[in-house]
Structure formats: C-alpha cells, structure tokens
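A.B. asks: Line by line, the protein sequences give chains W and Z.
Under the working numbering, the first residue of the first sequence carries the number 15, and numbering increases by one thereafter.
Under the working numbering, the first residue of the second sequence carries the number 2, and numbering increases by one thereafter.
Hints were generated in silico from the structure; no laboratory data involved.
You can trust all of the hints, since none of them are fake.
Partial selection, computed: residues in chain Z whose CB lies under 8 Å from chain W:
(1) 44
(2) 92
(3) 112
Where a beta carbon is used, it is the ideal one built from N, C-alpha and C, also for glycine.
The chain contents come next:
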Amino acid sequence: GAVVSQHPSWVICKSGTSVKIECRSLDFQATTMFWYRQFPKQSLMLMATSNEGSKATYEQGVEKDKFLINHASLTLSTLTVTSAHPEDSSFYICSARIVRGTLSYEQYFGPGTRLTVT
Amino acid sequence: AQKITQTQPGMFVQEKEAVTLDCTYDTSDPSYGLFWYKQPSSGEMIFLIYQGSYDQQNATEGRYSLNFQKARKSANLVISASQLGDSAMYFCAMREGPENSGYSTLTFGKGTMLLVSP
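Pulled out of the complex, with its shape left as it was, chain W reads as follows (with noise of 0.2 Å):
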C-alpha cells in the first residue's frame, strides 16, 4: 500500500527557533503533498497545499513566511516553523496525493508530528 512518513513524530523545541518537519511518500511518487494543522480535540484544518517543484498555495490565515514549505521532489515534503512560538504548538499532518492509482484513496496521511514549543 501507499505509505507516508513523518520525522520526526515529535519535536520540544524553544520560543524563537525553527523547526522543520519531513513528509515522505515511501513507495510511491506524490504530485501534491498537503500540510495540515490540529489543535486538541479539533478537526484537521489545511494549512497548504504543496505541488513539486513549485511554490505551496496558502490557505486564508496561514503565515507563509513563518511557514515555509518546500516541495524539493515527488517524495518529499518539508514544513519549517520559523521563529515557533508556544501557539504553535500543534499536531501537524501531511498527506499525499498518488500520482496514479486508486481515486478513491485520494490522500494517503503520515502519522504526524507534535510540536510543543516552550
């Protein structure tokens, strides 16, 4: 099956450092990589949608320049958290869409990332 990873599964990192979270499609090739942010007890809400080789679609809201991604090939992903501060802490999410195979298994998701900024 498609599977997708995520390093690191959690991460403590300090107010004002940055952070950068890996999302790898393993055996298959993904044209669309997907970041998505969730809060406790919250549904998953899309922070931005990556396309290889070029620049990530924001949604409304979402700090570009404190989220920065970069969709290097068809099977990565990075997310960086500049200058994280404790708000930020989060579970983060990437999914991926298959290049070709079964449509209905549209986005295929990693296991996540925590973030806790102190």
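Following the hints, complete the assembly by docking chain Z onto the known chain W.
C.D. replies: What follows is chain Z alone, placed relative to chain W:
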C-alpha cells in the same frame, strides 16, 4: 455555512452492537467525494471508506458501510459489530470536484468521538 457537519461530539456503544455516526455536507458542485477517517489516540489518520457522488450503490468496506442519501446530503457511517478497538475519533471529509482534479482538497468535519464499552 459549514461544508461538513458532524452533530455528535461523542457516541457510546456497547461491544458487538452497531452504531451510526452522522455526517451532512453542503456543496453546489455536482461532482464530489465523501470520506470517513478514523483517528485513534496515536494521531494517525486511517482511511475507512469512500463514496463518490455518482456512485449508485452505498459503499461498504468490511464492517463499515456508508449510508449515502444524496437528496438529503447525508453520508452517515455505520459500523457493525463494534469492537473495543473501534474507540477513536471519526472524521467525515469531502472533496469538491471530480476525482481527477489536480487541485481538489479535503474539508473535514469536527469529528465524533466513539467509545466502545465491553
């Protein structure tokens, strides 16, 4: 208006009984897809079942079935013979646009927490 509405914040069911989780949606797009995901406490999003707007029959996947009532814009998830391992958060999601759309994203509902008791 919310695109996906899940009116049940929490549901309780006894082991081996069936349970229905409600989901209504709002879209003017004639082509769309509806998804159900399970999110256990570990955080990973597990795909359960998919229903396309043009599918004539209700989707089924093992113990999961989707009660699709297009005129009422509802897509309820039915879990038969509940198991203790079914205890988790369940999210309904919608993709607007055709399956092969390169830019379609998922919109999630707020989720329903299901607790299965022995």
